[in-house]
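Visitor: Residue numbers (this note's numbering), protein chains in the order written: chain R, 6 to 268; chain B, 6 to 268; chain G, 96 to 377; chain Z, 96 to 377.
Keep in mind that the hints are not guaranteed to be accurate.
[What the hints assert, rightly or not] Taking CB as the label site, the calculated pair distances span:
| no. | chain 1 | residue 1 | chain 2 | residue 2 | range |
| --- | --- | --- | --- | --- | --- |
| 1 | Z | ALA377 | B | PRO184 | 31 to 41 Å |
| 2 | Z | GLY374 | R | SER12 | 47 to 57 Å |
| 3 | Z | THR241 | R | PRO228 | 39 to 49 Å |
| 4 | G | ALA298 | B | ASP10 | 52 to 62 Å |
| 5 | R | ASN27 | G | GLU297 | 15 to 25 Å |
Just so you know, these hints were derived from the structure itself, not from any lab.
Nothing here was measured: the structure is a model prediction, and the numbers come from that model.
Just so you know, even glycine gets a beta-carbon here, dropped at the ideal spot from N, CA and C.
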Amino acid sequence: MSSPDYSRDEIMTVTAARQLRNGAVCFVGIGLPSAACNLARMTHAPDLVLIYESGTVGTRPVVLPLSIGDGELAETATCLVSLPEIFAHYLQRGRIDVGFLGAAQIDRFGNLNSTVIGAYAHPSVRLPGAGGAPEISTYAREVLVVMKQSPRSFVSRLDFRTSCGYLAGGGERRASGCPGGGPSAVITDFGVLRPHPESKQLQLTALYPGVSVAAVRAATGWPLQVADTLESVPAPEPAELATLRDLHARTRIAHARPVHINL
Amino acid sequence: MSSPDYSRDEIMTVTAARQLRNGAVCFVGIGLPSAACNLARMTHAPDLVLIYESGTVGTRPVVLPLSIGDGELAETATCLVSLPEIFAHYLQRGRIDVGFLGAAQIDRFGNLNSTVIGAYAHPSVRLPGAGGAPEISTYAREVLVVMKQSPRSFVSRLDFRTSCGYLAGGGERRASGCPGGGPSAVITDFGVLRPHPESKQLQLTALYPGVSVAAVRAATGWPLQVADTLESVPAPEPAELATLRDLHARTRIAHARPVHINL
Amino acid sequence: MEVLPLAEAIATHVCDGQSIALEGFTHLIPFAAGHEIIRQQRRNLHLIRMTPDLIYDQLIGMGCAERLTFSWGGNPGVGSLHRLRDAVERQWPRPLALSEFTHAQMAVAYQAGASGLPCGLLRHYAGTDPLHAPGASLRTMHCPFTGADLAAVPAITPDVTILHAQQIDADGNVLIRGILGAAREAAMAARRVLVTVEERVEALPAEMNAIVLPSWVITAASIVPGGAYPSYAQGYYPRDNAFYRAWDEIARDREGFLAWMQRHVVGVRDHAGLLRALGVAA
Amino acid sequence: MEVLPLAEAIATHVCDGQSIALEGFTHLIPFAAGHEIIRQQRRNLHLIRMTPDLIYDQLIGMGCAERLTFSWGGNPGVGSLHRLRDAVERQWPRPLALSEFTHAQMAVAYQAGASGLPCGLLRHYAGTDPLHAPGASLRTMHCPFTGADLAAVPAITPDVTILHAQQIDADGNVLIRGILGAAREAAMAARRVLVTVEERVEALPAEMNAIVLPSWVITAASIVPGGAYPSYAQGYYPRDNAFYRAWDEIARDREGFLAWMQRHVVGVRDHAGLLRALGVAA
Numbered sequence: 006m007s008s009p010d011y012s013r014d015e016i017m018t019v020t021a022a023r024q025l026r027n028g029a030v031c032f033v034g035i036g037l038p039s040a041a042c043n044l045a046r047m048t049h050a051p052d053l054v055l056i057y058e059s060g061t062v063g064t065r066p067v068v069l070p071l072s073i074g075d076g077e078l079a080e081t082a083t084c085l086v087s088l089p090e091i092f093a094h095y096l097q098r099g100r101i102d103v104g105f106l107g108a109a110q111i112d113r114f115g116n117l118n119s120t121v122i123g124a125y126a127h128p129s130v131r132l133p134g135a136g137g138a139p140e141i142s143t144y145a146r147e148v149l150v151v152m153k154q155s156p157r158s159f160v161s162r163l164d165f166r167t168s169c170g171y172l173a174g175g176g177e178r179r180a181s182g183c184p185g186g187g188p189s190a191v192i193t194d195f196g197v198l199r200p201h202p203e204s205k206q207l208q209l210t211a212l213y214p215g216v217s218v219a220a221v222r223a224a225t226g227w228p229l230q231v232a233d234t235l236e237s238v239p240a241p242e243p244a245e246l247a248t249l250r251d252l253h254a255r256t257r258i259a260h261a262r263p264v265h266i267n268l
Numbered sequence: 006m007s008s009p010d011y012s013r014d015e016i017m018t019v020t021a022a023r024q025l026r027n028g029a030v031c032f033v034g035i036g037l038p039s040a041a042c043n044l045a046r047m048t049h050a051p052d053l054v055l056i057y058e059s060g061t062v063g064t065r066p067v068v069l070p071l072s073i074g075d076g077e078l079a080e081t082a083t084c085l086v087s088l089p090e091i092f093a094h095y096l097q098r099g100r101i102d103v104g105f106l107g108a109a110q111i112d113r114f115g116n117l118n119s120t121v122i123g124a125y126a127h128p129s130v131r132l133p134g135a136g137g138a139p140e141i142s143t144y145a146r147e148v149l150v151v152m153k154q155s156p157r158s159f160v161s162r163l164d165f166r167t168s169c170g171y172l173a174g175g176g177e178r179r180a181s182g183c184p185g186g187g188p189s190a191v192i193t194d195f196g197v198l199r200p201h202p203e204s205k206q207l208q209l210t211a212l213y214p215g216v217s218v219a220a221v222r223a224a225t226g227w228p229l230q231v232a233d234t235l236e237s238v239p240a241p242e243p244a245e246l247a248t249l250r251d252l253h254a255r256t257r258i259a260h261a262r263p264v265h266i267n268l
Numbered sequence: 096m097e098v099l100p101l102a103e104a105i106a107t108h109v110c111d112g113q114s115i116a117l118e119g120f121t122h123l124i125p126f127a128a129g130h131e132i133i134r135q136q137r138r139n140l141h142l143i144r145m146t147p148d149l150i151y152d153q154l155i156g157m158g159c160a161e162r163l164t165f166s167w168g169g170n171p172g173v174g175s176l177h178r179l180r181d182a183v184e185r186q187w188p189r190p191l192a193l194s195e196f197t198h199a200q201m202a203v204a205y206q207a208g209a210s211g212l213p214c215g216l217l218r219h220y221a222g223t224d225p226l227h228a229p230g231a232s233l234r235t236m237h238c239p240f241t242g243a244d245l246a247a248v249p250a251i252t253p254d255v256t257i258l259h260a261q262q263i264d265a266d267g268n269v270l271i272r273g274i275l276g277a278a279r280e281a282a283m284a285a286r287r288v289l290v291t292v293e294e295r296v297e298a299l300p301a302e303m304n305a306i307v308l309p310s311w312v313i314t315a316a317s318i319v320p321g322g323a324y325p326s327y328a329q330g331y332y333p334r335d336n337a338f339y340r341a342w343d344e345i346a347r348d349r350e351g352f353l354a355w356m357q358r359h360v361v362g363v364r365d366h367a368g369l370l371r372a373l374g375v376a377a
Numbered sequence: 096m097e098v099l100p101l102a103e104a105i106a107t108h109v110c111d112g113q114s115i116a117l118e119g120f121t122h123l124i125p126f127a128a129g130h131e132i133i134r135q136q137r138r139n140l141h142l143i144r145m146t147p148d149l150i151y152d153q154l155i156g157m158g159c160a161e162r163l164t165f166s167w168g169g170n171p172g173v174g175s176l177h178r179l180r181d182a183v184e185r186q187w188p189r190p191l192a193l194s195e196f197t198h199a200q201m202a203v204a205y206q207a208g209a210s211g212l213p214c215g216l217l218r219h220y221a222g223t224d225p226l227h228a229p230g231a232s233l234r235t236m237h238c239p240f241t242g243a244d245l246a247a248v249p250a251i252t253p254d255v256t257i258l259h260a261q262q263i264d265a266d267g268n269v270l271i272r273g274i275l276g277a278a279r280e281a282a283m284a285a286r287r288v289l290v291t292v293e294e295r296v297e298a299l300p301a302e303m304n305a306i307v308l309p310s311w312v313i314t315a316a317s318i319v320p321g322g323a324y325p326s327y328a329q330g331y332y333p334r335d336n337a338f339y340r341a342w343d344e345i346a347r348d349r350e351g352f353l354a355w356m357q358r359h360v361v362g363v364r365d366h367a368g369l370l371r372a373l374g375v376a377a
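Isolated chain R (complex conformation) (with noise of 0.2 Å):
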């Protein structure tokens, strides 16, 4: 079989934007999350609402924001609120359809850290932290999750539970009183897992073109269950990672841009 024609990174960012269904009012975390997001709404979502925590509410960049709060984002969005009301009015108050978060660790029920690698007292590596994520997590009817898979980000142990998936799974997070859904999606670099619709737990349920079951499971640090009916990732259409291409390309050109200031 001759190499794909995209990369793994490509696969798993147009798989992601696929899940959004248009019109969904959508919660973005930054990196992975916003271009999926950005995607699915210059491909087949064009009426997809994107709200980044800096307060800007069906924003509508054309070039992907490197921070959460660049200014073209509030330049194109249909109305900016303070943070305080972003949390509160939007979010809490359980106006989000979807959320879409990223982290350093998820375990096999879609908890997720991203805070630190070792004890929090004295950690080895020092995350960035919370962020919006425990909110997100906790509000939004449905989460995604987009990460890189590896024995190291999928481990069967979170260091810190920053935000919840299942909690310990079963009807855990139900009983705990979490409003939202749970992750329903966790699309990573080999396809896309599932939380069980019992157990709660993580499963394989599709692969990308060329990947193995089998490597999969070496990159998850847990004994990796894979669904009685595995799919396949169609390949990015050619459509789809043009706009991304582009997407990437104007992005990396105004990141570029050098900035002058006149005193």
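We have chain R; now place chains B, G and Z onto it with these hints.
Guide: Only chains B, G and Z this time, still in chain R's reference frame:
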């Protein structure tokens, strides 16, 4: 003695206006307080900061508003904030120097009723209610009250305590945890009452020209005490009267202007 | 969000027995929507508004309300709301239960509702009766850090919030300009949001930090020029202060009130009819 | 409010051992003010910011801070803040105590401070550790009406909040345009408020509902063009995303960091000097 060239309302408004020092931040009630505050701004206190509970901060209306939220207030304000914000960030936060209130009833300790005459459940007169008054009286560093004086309004016992003055007097207000200073003056159509430094009971401290102590006592529903030094309020200056009358004249014309809407 | 004729929006989304908040603090009071509710004879409504103003005086006098949640119930700068008083003092045309707050309390209650919280906090103030007024149902709490007394207010979450605003764009986003009151919080707290607007435009002339409600938080919108009259719409027409003064006489007795309502509200087809009957619109 | 040169404003109003919040969410980060604090060698500061960003990486790396209150401590879109990590992981140049929140919690904490409340409320969320992280000090409360679990966050009330904004008018009122974050709440919560602005104008070109801080809530203001660089000022200059990427390498090791700071911050007279040294201004 010839009858004065000003009305009771006018000297009351002018006297109230004189209480305001330039630069103070003033939370304004509607009606006579609004006239007094704007008169002060148009005469000796040009930098008086007027805040109306509609969220208009630093407003400089050319005509008096009829309501607390006329467009004139918004058009001439330094900024507009929401009503939750004006009460939380400005009033409760302790940023108001002077609160300016009226009421239907006041007692000897400056407590105010603007809720009901009679029992709450079966009132003989249902008054408008609290509005912003309870928080203004609680948080403003100082409260000025403007009310026409009569045995029905200056009562020995309130039918309902909407807003606190000095409660039962003495140190009770301070002990209750009210952060603001309480009423420093009650400006009536007879003169000025101020709290006794110790007992906090309102006592007559100043009289308008031609008004007798006996007349004030007759208009007061409790045995009114008179301060050791009883001052005489200077009659309104011609400039004060002219400014006030111009303001009222402009206001009458503006409020009578017919509204036309194009469908 | 769908754009509907106002009569259809009210017929579809406002039902007997609901809690409804027509907000807008002095400014942008949705009179046209309130009048349509009267025309459609809704009953047993729980009316919520910081300042009931003339519109609730009318709804109450026409027998639409069984409860009023409010914080200041007068005719601003004029005096009493006679129909509100008649309902409270003499139960006419029917008894009216009151849930009474201060402005600050009600603002916090809307904010709590808008934030998905069951209650909101204020500093506790000793010595004022409203905390203990029947129906107000505040509770004392203690700060778990400082031990300070706090007052908790239950969240307000209307079944329907109705606002008036200046403009709606082609995508259904709504611009509010000028005095806000607690309109935004009342909208975000509600299960359904109805909006009437002065006009529809292709794109909002909105500055970056303008107050815009995104289309997807709105249930239905109706284009109703003059829809806030006799209140006002900043940039469109001023408050008719002369009408607010005149209302004092109109509403003073029951018969005069009913005759006026019959002639100007019940007996006209829509808000344009009222504006024409009053000589405000040609 | 008085208008002062920035060096004088910092010298007068920022003292060792204070709690200070330099706010602005990605946008309008007051870099010039932070650099002046470094130049004046303040020590034992309690730094407060939702996103420490490069400016607190620099303050921490230069030994100004003894505590950090924050909710997300990365270089947005790039990776780690190496100086922050070095302080937490290896106590260099000195130990750094952490008070860690989520964005939502910290927003509520600022809001509580701005509102004169000792604490603010969030819905309680089970199952996440931050509630129990050392230093975060949240407490569980119960809604007195519904019994629901709530999380209380202690108010944040900085000794000094410093903001950057676009314009100040002749009366000292300050206009903020664009992404706000919790800047307004941080300002209203503080004992003193310092502002740097891009320029002074006779009158603000402010729409009615623009975000304006009235002069009398501001302690002192300084005119510092480019004062948010390498963050940005909407309408003046964009975020220097290339610099944010480059910082990853600059701050990766201690020596490189110190040399950069010496050359660009400590060794220049003011912010204009830094902008010229970087070739951003002519």
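Visitor: If a hint holds in the structure, say so; if it doesn't, say that too.
Guide: Structure-based check of each hint:
Look at Z/ALA377 against B/PRO184: about 52 Å separates their beta carbons, and that is not inside 31 to 41 Å. For Z/GLY374 and R/SER12, the Cβ-Cβ distance of about 34 Å falls outside the hinted range of 47 to 57 Å, so the restraint is violated. A beta carbon spacing of about 42 Å between Z/THR241 and R/PRO228 agrees with the range 39 to 49 Å that was offered as a hint. Checked against the hint of 52 to 62 Å, the pair G/ALA298 and B/ASP10 passes, with Cβ atoms roughly 58 Å apart.
Checking the proposed 15 to 25 Å range against R/ASN27 and G/GLU297 shows it holds: the Cβ atoms sit about 22 Å from each other.
Figure legend: structure checked against the earlier numbered hints; hints not met, in rising order: 1 and 2.
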